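Visitor: Using the sequences provided together with the hints, build the complete structure.
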Amino acid sequence: MQHYLLIPFLPFAAFLINILFGRMLLKEKAHWVSILAVAVSWVVSVMTLLDVISGKTLNQDVYTWILSGNFRVSVGFLIDQLTAVMLIVVTTCSMLIHIYSVGYMHGDSGYYRFFSYLSLFTFCMLMLVMANNFLQLYFGWEGVGLCSYFLIGYYFDKKSASDAGKKAFIVNRFGDFGFGIGIFVIFLTFGTVYYEPVFSQAAGFATKSINFLGYDLHLMTVIALLLFCGSIGKSAQMPLHVWLPDAMEGPTPVSALIHAATMVTAGVFLVARCNAIFSLSELALTIVALTGAITSLFAASIGLVQNDIKRIIAYSTISQLGYMFLACGVGGYTAGVFHLYTHAFFKALLFLCAGSVMHAMAGELNLHKMGGLKKYMPVTYITMLLASLSIAGIPGFAGFFSKDEILWLAYSSTNPVGKFVWLIGTLVAFLTAFYSFRLIFLTFHGSFRGTHEQEHHLHESPKTMTVPLMLLCIGAIASGWIGISNLIGELVGIEHLNWFTGFMQPVLGHPEGHGTHAEEWGVMLISIMAGVSGIGLAYYLYIKRPELPDKIMAQFSTAHRVLFNKYYVDELYDLLIIRPALWTAKNVLIGVGDVRIIEAIVNGVPASIGGFSKQLRRLQTGLLQHYATIMAMGLFVIGAFMLLRNW
Amino acid sequence: MTMLPQLIFGYFAAVIVLLSLLVITRKNPVHSVMWMLLLFFHIAAMYLFLNAEFIAAIQVIVYAGAILVLFLFVVLLLNLKEELEADRFVGSWPVAVLVSGGIFLGLASVLRSFVIGRQGSFTVELIQKVTHTKTLGLIMYTEYLFPFEIASLILLIAVIGAIVLAKKRMRSH
Amino acid sequence: MQFLMPDLGPVMPEIIMTVLTLLILLADLVIKRKETVALLSVFCIAAVVYSLKGSLGTTFNGMFISDGYSIFFKLIFLLNVIMTILISVRYIVIEKINFGEYYALILFSTLGMMIMASAGDLIVLYLGLELMALSTYILAGFIRYDVRSNEAAVKYFLLGAFASAFLLYGTSLIYGLTGSTDLRAIAGYIAEKGLAGNQALLLSMIFFAVAFSFKIAAVPFHMWAPDAYEGAPTSITAYMSVGPKAAGFAVLGRVFLTAFGSLRVEWSVILIPIAILTMGVGNIVAISQTNIKRMLAYSSIAHAGYILLGIIAGTQDGLASVMVYLLIYAFMNIGAFGVIIMLRSENFKGDSLEDYEGLAKTHPVAAALMLVFMFSLTGIPPTAGFIGKFSLFVSAINAGYTGVVIIAVIFSAISAYFYLRVVMLMYMKEPKETVVLSTSPALSLALAVALICVLAIGVAPATLLNFAKFAVAGF
Amino acid sequence: MDQATVNTLGFPILSLLIFLPVAGALGLLLMKSSQEGLIRMFALLVSIAGFLLSLPLFTAFDKTTHAMQFVERHAWIPAWNINYHLGLDGISILFVLLSTLVTILCILISWNSIKVKVKEFYISLLVVEAAMIGVFCSLDFFLFYIFWEAMLIPMYLLIGVWGGPNRIYAAVKFFLFTLVGSVLMLVGIIVLYLYSGGTFNILELSTRIYPYDMQLWLFWAFFAAFAVKVPMFPVHTWLPDAHTEAPTAGSVILAAVLIKMGAYGFLRFSLPILPEASKAMTPVMITLSVIAIIYGGIICLAQTDLKRLIAYSSVSHMGFVTLGIFALNVQGMEGGILQMINHGIVTGGLFLGVGVIYDRTHTRQISDYGGVASVMPVYASLFIVFTFASIGLPATNGFIGEFLILLGGFKANQWAGVLAASGIIIGAGYMLWLYQRVFFMETSEKVSGLHDLDTRELIALLPMVILIFWIGIYPDTFLGFMHESVRHLLERVNSGSAHGVSVAKNIVEILK
Amino acid sequence: MVPLNWYLILSAAVFSIGIFGFLTRRNIIIMFMSIELMLNAVNISLVAFSHYLQDLRGHVLVFFIITVAAAEASIGLAIIIALFRNKNTVHVDEMNEMKG
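Chains as they are written, first to last, in my numbering: chain A, 9 to 655; chain B, 346 to 518; chain C, 56 to 530; chain D, 242 to 753; chain E, 428 to 527.
Just so you know, the hints here were simulated from the structure itself, not pulled from any lab data.
Bear in mind the structure is a predicted one, so any value in this text is a computation, not a measurement.
All C-beta atoms, glycine included, are put in the ideal place defined by N, C-alpha and C.
A hint or two may mislead.
[Claimed, not checked] In silico DSS-like links for lysine-lysine, alpha-carbon gap of 27 Å or less: (1) 513(B) / 426(B); (2) 167(A) / 622(A); (3) 404(C) / 622(A); (4) 487(C) / 520(D); (5) 404(C) / 513(B); (6) 356(D) / 416(C); (7) 273(D) / 484(C); (8) 484(C) / 358(D); (9) 471(A) / 377(A); (10) 622(A) / 526(E).
[Unchecked claim] Here are some chain E residues the structure puts well away from chain B; computed CB gaps all over 12 Å: (11) 452; (12) 524; (13) 527.
Guide: Next up, the structure:
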């Protein structure tokens, strides 16, 4: 099974080739290297998946990376069910998006650069999912962050783009801060940072507590929450979600690959990977669930009123990521990963479609400048519609199965907040359907609202772009079929229809819903209702009565403003963190600390010595008598002192 | 009769102190020199009183005869008129009073613990018998030959110095 | 009374020096080229140095002691005078004081120092001191047409005479107390009679401390130094800043450690504040100077403060470090003055700090020399200055004066400021006007010797240290 | 002397390393100032020869022992029992290699930018190199001090003669700051020497036991010298000025090697000689380190001057180093040592990079830049490597060092670990902001039309980039050197503490 | 018999008066004369000591002091004359070319 090494290192080789020779030699042909590499990776991934299905897993060290005292960590790979699924998700999406980019990025001055970043990203993401220890995970984790930084800021001459890249990286660092400390605690607890010994020993520490920063806390809760900090950052959960909408400054394929399908799901992956730890802490799970639920509602509500096509999808991503955490929080790791998997397809598809639209609209992003595009770009329209149906949870589409499983697990969970998060989940399902179709209707239906010039340019995208759309569309529809609820299986008479859950069981365990079949049917029905009614409402508001939204907006202008401004979170951070930091730096640390105190002493002492020197100089008057008097006084003082001392 | 030495000492001491004060307080330097001449004679007399005839002699010959004359020469070179119009003391003289007074008190106060050192062999009788000049000459040219030679060098430099510093040609080529 | 010819062996260097100097004085009458006189002087010194070798011993009833201690000091004096003569040759022509007496007086002055170093009797000490001092007064005022030189001489002379009076008063007191002027006899008598706590003895010691402090220019008896150094001919400034100071330390060490050996506690109580004040005033006032000669005068005051640490330590190591330091100081200080002299030309004083601006650009070699000497004066390794300071500090700490050493090192760090300013002016400023250097082979030789010794002692001080240790062993 | 092994190379490699640059400087001294091309070439050759000469250290070093290697010992000043005693162990060897490498790069980067007093410049540079190597090789405290101080002279000149507009102030500040610190150390050295009965041998001093009170005093005396050099908060203010005003080569040497000497001093002297005091002072040192990390980091946010920002970032990074060292555990200490190397490479690289652009634009104001990445893509991509290494991205050297330090720091003191880790966030903030302002956004007026790196500059920058990844990906090459030495050092520190406890117990008993 | 201390007090008095004169007079020549006063004070005590110690060393020293005083006078006055030639004054307070 040694060929697994090809999976990450081929993209890495592609990266090296592109970055070293791209500018001078490859230029317009740069994509070949990358695509070839990722395609081979994909093939090997599929082979790996087949191996895993046939029961072969692998945990192997390649070489010792860091060795210091009793701390040892290596570059090593763990290939199990979870990894295998992630490999498929990553390589598939990556490959399709690589192909898509050939068309999308055509003619860009940094063509080679773009592909080398994509390859690097693929490498890092694969290192992340294939790691067999926390530190390598961290390596991939930061590596994808780096690529995200590069790709968001790809159009670096735009201030907004470079700002967004920087923001993404720094906000992520806040999460990584906790993640890093989590790794320290893990090492200090278990004496190792390898998954295998950590997870297998975790149960033994279930009741242990730890003195953390002076507080006695439950050990597993501490570790789980610290790790979860990393997840919050990477997966853009509240309160570290602010970077993701801005990340849309990057080229659209990037948004699709990194900020929808793969990188942002790394947080979910982390929680799923560490389920052995999370499961030992009720409190941590509750917090995960609540964070996920609140984030999903929060993001969905913002998504309702945005006008920027990519931002809407971005908020939808945040919302869906929240969903996944919700799932994990109620113990449904499998469901979370399942949603991760389906989401990767339909969300990547949504983004790529949006990219296709942008391509046609010459970079225009405002929904209100679009309309009626379906006749110009039918492939885009249909694929996007199908993706939206999938995200809205319409039965039969991939999103339905994963979402339904999450909601059922939440509903039936023993966790005290289970019912609550179910309620929110259902509400979010409704909102998701609504804004997804608002997007569809405003973009593709009605009449074109842009300029004539734009209208003249409207066209369907080239084959390199539409073919990936269609391929992804298959995923968006069919990817869910491997995890159809056993309930439906019973209905149609197939036992263990939910193959996915079974497949994942060795890694993620098997959560059981605690409820009756009737309840389960009820939950499913409600979720379908939520989706359908969301679509209906969108249809009503944007097709039937297009004048109504403006009225509603006027009616609830305050609410709209709050939502439109994303609850002012960015402004809040600016006020609470950035400004105080800069102010402190300028006025306190430099102004007072360095200048008034340290430098005042540093320069003040010599200055006062200098001043003293000038004063002392004046004693040397040039007058002989004064000299003599000082001498005589010296004699007198010494004499008086000594004589009195020895009286 | 036993009081006589004390009385004589008292006279000389008083006059010496008085003359010293006069020397340093006269505005006219010529007067100072003159008072100093008188002072030196009194000191010489006191040396006689202490059985040091030779010292008394050179006190008169060298100090009064040579050094003071030198002083007088120089004083006469100066512009006396201007001298008489200018202040005689510097502004900081009160400090000097305190300091010099303090030093005097210090010097006087330690005398309390003064003890005389090891007695030598040159008793008054011996010196009177051989005469002071001879005894002094004897040890000067034997025991103190070395310092004596140094003193001769000092005088030599004094000559050189006086010539170098006072001769007419100021610059070399 | 039988007259026995005393043993003249120990005093032979002094005799040779006297005779040769007198011959030079006579030769001066017929020699027109004064450079020849300089050359003769150098030969004279060479002969004296040669004769030092076999001069160990005590003579004139203990009045003259030629031991390792004094021989080491004599080497310093002779080194000092030879360097001074070398840097003077061209300089006194420029200053238009090219008289043969100049050399004779320098030699006599050195003779005085040699006598001081060997003095075993207070009378000899006094006469040696006066021989040195009177010659130096004349030399300080040697530029007769220059008001500053006159002023320097007057101030130096009057204050020097004033200090001599103190010395004499101290001598008379101790004579009265012990009935002797011989240093060892005095020490013996004090020990015998247990006079150590006697107030009169204390007072006498204070007078000696004051008088010697004057000679080494220790605060507050340093007031003459800046003015005298600034006004005197530069070559003489160089000479004065090393020679009389070293001589002062020689007698300070000898008198305080021999005659007043039993008053160690008392005199260290006096000398410690004096040392601290000296370092403080010297270094601090030097900061605000604008004339380099004056700055080096203050620097020389400060160095006296450091050297006092060795005396305060009161051990053989301490004395050895004093000797080592003075020797090193002779090289670096005369080296620095050599560069200053180089800048002096017919119509250019060259003693203002501003004159050094951009020297590295116009005269890189001169600037580099000055750089080395300045860093050595600061005490930065690998120059000799560091070795000197180090040996002083070691002996002082070894004697238990860690606190004083801490103060000393802080002052030596402060001193970096003004030494560095010279380097800064030379290397980091642009030249204002082109300075013409007045070099001569003699000056170059002196500077080369100074440079080589400063670096060589800095890198390989072992020989010098062993020599000093050996020299002081019989003290 | 079981603590030292014989030199297996058969020739006095360390002496050669020290005196080769000195000989080179003397050679330069003999050249005519006008032959600038020849002077540069000669200096370059000397530095390359030095580097090649240092490579045998790398290969011949025996990693399985903590003993000193390549030892040379000759009597030097018998009067004070001072020896010319050189040797390397796992702690010091890497710095020697770093020094020889950095010198080459400095000469390359100064090739065209130094236009006046060229000869003096290269002489100073080579003398600095010799002194740096000497500091790391010395096994005699006196010898160490000589090199330590001797470095001040050429450094003073480098900053003061070839520096920026405010160079004189910076040079004097640098000199006085360090001098005040080191003279206090000198007193400490002498006290130690006298107490130990007259030896300056570091190995011997490191095996003695000293009274606790004395250790405390000595600790602070050493602290004065080392903390200034590091520089630790609050004696760091010379660094921004010195870095900012120094010419590129000066900044690089300062950043890469010179300020390491402070931390090295802690490792070589404070810890092994004064184990109990070091242990007792750990809280203070850790606090100061953490303050430096955060303080230096936040201040960077407000900097408008390119070099000044990097200088303050050095304060922050060196805070990590001291934190690691005083964590007093294996990870912290190895991380600290590695981070010293890393910081040398990364910050050295950053300064090299700044030098490249400064040569073209002659401005250090960040606001004058913008869009450099558009006109100088190769330069931008190398610079971003330095940027991310400075931030501590995994796979760069910065990560390995910082991770180990934080791990060690966290182990020693959780709060310290957590607070210091926040420095990583701040670091990302100011470095990325810096990069954005300089390289991204619209091309500014001053930047437009600049040509990209030429071969010489590329050669100067590439070794640093290679090292960044080498250490980041396979740090064992470097960490491997230190294991034994660090273990030995920690044993010494910890055994010392046992004694300290017993002393304390005795005191308590006596008081009772 | 006159006690030794009487002489010593006298000596101290004259010495102090000499110091006072030296510290206060503007005229250099008078300052110089003050120094001579101080030397004479020393001489008085030395001669007295010699007398009371029955020793001649004091006399020897006085002899040398007088010799040196003579030499000193010739040199000092020569210096003063040189100064007077350039500055046309013998007042110390006009002699502050160098200070600080």
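Visitor: Work down the list of hints and note, for each, if the structure agrees.
Guide: Cross-check of the supplied hints:
1. 513(B) / 426(B): holds (26 Å)
2. 167(A) / 622(A): violated (54 Å)
3. 404(C) / 622(A): holds (24 Å)
4. 487(C) / 520(D): violated (56 Å)
5. 404(C) / 513(B): holds (25 Å)
6. 356(D) / 416(C): Between residue 356(D) and residue 416(C) the Cα gap is close to 13 Å, so the pair holds against 27 Å.
7. 273(D) / 484(C): holds (22 Å)
8. 484(C) / 358(D): Between residue 484(C) and residue 358(D) the Cα gap is close to 13 Å, so the pair holds against 27 Å.
9. 471(A) / 377(A): holds (25 Å)
10. 622(A) / 526(E): holds (12 Å)
11. 452: About 6 Å separates residue 452(E) from the closest Cβ of chain B, which leaves it inside 12 Å; violated.
12. 524: Given that every Cβ of chain B is farther than 12 Å from that of residue 524(E), nearest at about 17 Å, it holds.
13. 527: With a cut-off of 12 Å, residue 527(E) remains clear of chain B, as the shortest Cβ separation is near 18 Å.
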